[in-house]
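6 protein chains.
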Amino acid sequence: MNILVINPNTTASMTDHIGRAAEAAAASGTKITAVNPAHGPVSIEGYFDEAMSLAGLLDTIRRNPDCDAVVIACFDDTGLDAARCLTDKPVIGIGEAAYHFASMLSNKFSVVTTLARSVPALEHNLSRYGLDARCARVRSSEVAVLELEQPGSNARQKISAEIGLAVTEDRAEAVVLGCAGMAGLAADLAAEHGLPVLDGVSCAVKMAEAMAGLNMRTSRLGGYAPPPAGKLKHAFGN
Amino acid sequence: MNILVINPNTTASMTDHIGRAAEAAAASGTKITAVNPAHGPVSIEGYFDEAMSLAGLLDTIRRNPDCDAVVIACFDDTGLDAARCLTDKPVIGIGEAAYHFASMLSNKFSVVTTLARSVPALEHNLSRYGLDARCARVRSSEVAVLELEQPGSNARQKISAEIGLAVTEDRAEAVVLGCAGMAGLAADLAAEHGLPVLDGVSCAVKMAEAMAGLNMRTSRLGGYAPPPAGKLKHAFGN
Amino acid sequence: MNILVINPNTTASMTDHIGRAAEAAAASGTKITAVNPAHGPVSIEGYFDEAMSLAGLLDTIRRNPDCDAVVIACFDDTGLDAARCLTDKPVIGIGEAAYHFASMLSNKFSVVTTLARSVPALEHNLSRYGLDARCARVRSSEVAVLELEQPGSNARQKISAEIGLAVTEDRAEAVVLGCAGMAGLAADLAAEHGLPVLDGVSCAVKMAEAMAGLNMRTSRLGGYAPPPAGKLKHAFGN
Amino acid sequence: MNILVINPNTTASMTDHIGRAAEAAAASGTKITAVNPAHGPVSIEGYFDEAMSLAGLLDTIRRNPDCDAVVIACFDDTGLDAARCLTDKPVIGIGEAAYHFASMLSNKFSVVTTLARSVPALEHNLSRYGLDARCARVRSSEVAVLELEQPGSNARQKISAEIGLAVTEDRAEAVVLGCAGMAGLAADLAAEHGLPVLDGVSCAVKMAEAMAGLNMRTSRLGGYAPPPAGKLKHAFGN
Amino acid sequence: MNILVINPNTTASMTDHIGRAAEAAAASGTKITAVNPAHGPVSIEGYFDEAMSLAGLLDTIRRNPDCDAVVIACFDDTGLDAARCLTDKPVIGIGEAAYHFASMLSNKFSVVTTLARSVPALEHNLSRYGLDARCARVRSSEVAVLELEQPGSNARQKISAEIGLAVTEDRAEAVVLGCAGMAGLAADLAAEHGLPVLDGVSCAVKMAEAMAGLNMRTSRLGGYAPPPAGKLKHAFGN
Amino acid sequence: MNILVINPNTTASMTDHIGRAAEAAAASGTKITAVNPAHGPVSIEGYFDEAMSLAGLLDTIRRNPDCDAVVIACFDDTGLDAARCLTDKPVIGIGEAAYHFASMLSNKFSVVTTLARSVPALEHNLSRYGLDARCARVRSSEVAVLELEQPGSNARQKISAEIGLAVTEDRAEAVVLGCAGMAGLAADLAAEHGLPVLDGVSCAVKMAEAMAGLNMRTSRLGGYAPPPAGKLKHAFGN
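Residue numbers (our numbering), protein chains in the order written: chain D, 66 to 303; chain R, 66 to 303; chain U, 66 to 303; chain L, 66 to 303; chain P, 66 to 303; chain X, 66 to 303.
No lab work stands behind these hints, which were simulated from the structure alone.
Treat the hints with caution; some may be incorrect.
Identical chains share a label here; the pair holds if one copy fits it or two copies do between them.
[As the list claims (entries may be wrong)] In silico lysine to any residue, SDA-like type, Cα no more than 20 Å apart, as pairs:
1) K223 <-> R202
2) K296 <-> A181
3) K223 <-> T75
4) K298 <-> V107
5) K223 <-> T95
6) K296 <-> V107
7) K96 <-> A252
8) K223 <-> L254
9) K298 <-> R127
Just so you know, these numbers come straight off a predicted model, no measurement behind them.
Next comes chain D alone, as it looks inside the complex (with noise of 0.2 Å):
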């Protein structure tokens, strides 16, 4: 099985990051790709950065047919629902991997993120996927992006005292880390607080493998329908 992940910014070192942990996550059948557009942002953070990732996004998911699923590795999901309309291959958000299984392992759970205005962005897709009543709080860390990228900053001090205000305060019985880049620190701090700490890059592989494992096919109808031809070759230029 082949899924492609695709980080949505132009950060060599975190496609890396991510790739890793993909495939610490992937079964040993699944041949992971990682790749990231060759223009657009350096990091999402928010809803700018999101909108200017589309079409480096969409035309890498187009340059990279072959796979059996596709895994969008930002936490804000972006540009999920474009992509399921480019094809028929099921695409996973990370973001929303991660609250599926979260709403499945606890009553409630809290999101950990890096900075204040990627927070409103998260809340939306949280009430779009039907699962803010399962959300506690998302949280704001203000961790930058590429912060998590550097050795020695405090990162990692910040996002823990971070969940253990989620779980004095907020009662979540479940904490999901709110960025791809802190795909390396759930199982730490999973042991430190006593409770689940989920990681959206692990989630959305295990899910993409679940999902082409039963050869699943994003629906044609209504709201996904693949777009004409000619606006498809207007776009991409082939």
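With chain D held as given, fit chains R, U, L, P and X onto it using these hints.
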């Protein structure tokens, strides 16, 4: 990986049917153990049957500790919350698994279940999971659970007719089959109607593999805290 | 008028306590029969206890047909839906009765219950009844159910402290006591805090009198349709 | 026990009709005082009539302090919130009483009211009470309020037709009659259609008896805080 | 263009204050007529005052037919639905106007109003408009309406403190001032706190200009259907 | 006042059409600048087109800083959140403007849009704005966007038929036309069907005038915080 698949009713032929569907969905390294309680209702159709099957269901979980995940193979996700108190292994209901996947393949899905008396319990679950926002309608086909086991019944025909209405009246983009006994019909009905048709048993097996594959554990904080040892002993007599 | 009041746990002293509270609330012509099942958990604290008490609870209803209404005297409204399939007499949970009355006495109320593990089940019920929109918060006092039966415990003090917080933090205009065992405390706490404090047992008895007084019957259409005779016989052995 | 039943319109024949329905529902020790304001609209059909009846309604409450509970006998629960500021006795609307009972007898109910213009006000109330989640649909029968008072109208027939549609189209398990003037029709229509049919007047009388029987008081905190004495004097001139 | 701005309380100094705020907001070609009823409460703080002001408010609309739009200048949008039955000119409440604008300037806003007793009515409105999803919290500053008219009160200071809490505790991105009497404070408080602070009076005037400028008319179908002529005559005596 | 009206697709004739509709709605002192991006899809019908138009749309905003407000003239409110990060001038979508006005003219409205594939994106927006509670249904007329530009198509007829169904089936009290290309049809259809029919382009122009007239600014806190200068430079190359 070992997955315990529990049919909470006592009809052994249905357990076999479910077991075969589970095996067909399972990865090569997954061992399926399909069981049913010794005592309880012969089919689960509505709130009363659900309640009367719980003691047997929970006892079955208790007697089968050597598994990596538990699937509850009744579409009303019988006893899901109580089961999650009893083990920290992932416990997945076939209803919830299908709803979660359907919400990642379509903007809106409908459910086609058995009898009208079962509809409110499913609506209740959807609302509890937050996924009522994504479900267009729960439809009954007026096919009794055990009728699905009878060769020569017109069950398939009635179910297909409701799927047709789900597309035209509900504008559903995908359909979930609302009974473990419908497991064999999904692929064929999907081809007939040209949209994703999901069977809960295979969905739940893949969801269980995914969660166990990441070594996920049900939260022990809050609502799923394990009962005190004295209560367990009192409940199960050992 | 005869009202069957069922304590679904097996602690007889608590059944007596509940019976006395029910009698204190009942009209002069109302006969209260307070009973508990022979088998099942000694207290109901969360999803597991709830599930394990259902067979005993339903059997108790079956064995006591000569009543005009049934009260389920556990605050999580154990088995309410299943019980409504078993009899067309009104069946009222003490939780729901208190929530309905509180929503007619205040714009917003809070609940003060026993342990944190019981909170999600109550939140689940409130959402199912539609009354989550009127409930500011479900608070746990960390008083175990049976602690309420012990003279000399500081249970009252802990509950009073939570009521204080419900007023200042939740802006609750009324408080519902979230355990049958708190029945005796309501009047005193209401006087202390200057707002309505509702006890579910007395609420449910009056609701039962009201409904039976109008000769109301639970609907037999849809989700509360009675189980077929064969299933009843199989369940109860006669 | 004394219950003040206020018909907020000025049609005396309707007040008599309501008074008789209230007496039929009342317990033997309950005294019903059915009154209507001297001034205001002759019937309440929609938002404008509602608004124009408020001063008369509130003045009527003010002039009748010797009661144990107040029933507002118009199905749109005219002035309910304002009335609760004016007295700490329980104040119950006939709409809300019927909705609360219906939600304890069925999974889902529909309402059959008079004119289309009244529907949004009832939908608004249901949403405010939280019970819109339990109401399948508010239907209008296109029977004007005062037509219900006319012998020989085909009002009953139109209402019955809508109940039929509530069962087949809305899958309602119970029906609430949405006008005080329909009080006499409930039993007969219930028998005809084989499901609970609730009349708000009798529901509200029993709810009032229940609440007064427990000596319940409307909260004086927050939204129902009593107006300052100066404002009361200014409003009522004494 | 002529806009009728109605202060539904009878305090003339407040009508002047509101009129000046309306004129400051109005376009050059807009004529503002600020009026108040002859009879009714001196201030509107909660449900009772609201109810007692309705007859005067509606009569005022009736007596001023020569306008292109009506603004109801009390923050609880007193009588909005009834007013829309009485005229097909656009009728805009100052609360709703501010909420609609705030939801187009921010992801989430908070409201800072006067007394705690007014909060539930505002929450009720927000839920009715659908905009509760966008409102983080309705806060009371414990400033009485008429205190805002008194020079030397510390009203501004209390309001500013609540705005500070709205930012830090509610994560509000904008704030709506919840009283017509706060009209003059918005610009200054916006500058102080660095976020949009909206005043309902100016919002409603601009909304009225916009709607009248497009010649919009309130729907005459359904809930806002005009009352029959007989009822109008009966209500207003001519 | 200068209002920048952006048609986010690249069809110049449609931009002209939209520009004329905007000018017809604008006040005498308002200057309309109607533009479209140089690159992107020729029409926006669903999620894919939306995504592919974003870079062009945002670049267009960036290149036109001399305006007092921005209108996004595509009914799915393409890129609204991202645009609000890019400028603190009010940014108004034609969909949202029409929904907000419709909710102040009616208790419930329906939307009549172009193709079925566009419906979920509109439903998603309505839910995000909170106005799904006020929208009875989003209907598709199966008229493609560019068909609206073709003389002799039967587009008007199909749209009119859906409006008829919105009244009879949805009980809608107003109708919103769900495409910028329908701008010219509103007045005529309103007269034909006897209810308010709203066109988004004129609604958004008036909303923009209103907001700019009050010198409103989009919040810079939280989700609409402006991107760092480095990201802007990287995105737009200057």
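Of the hints stated earlier, which fail here?
3, 5 and 7
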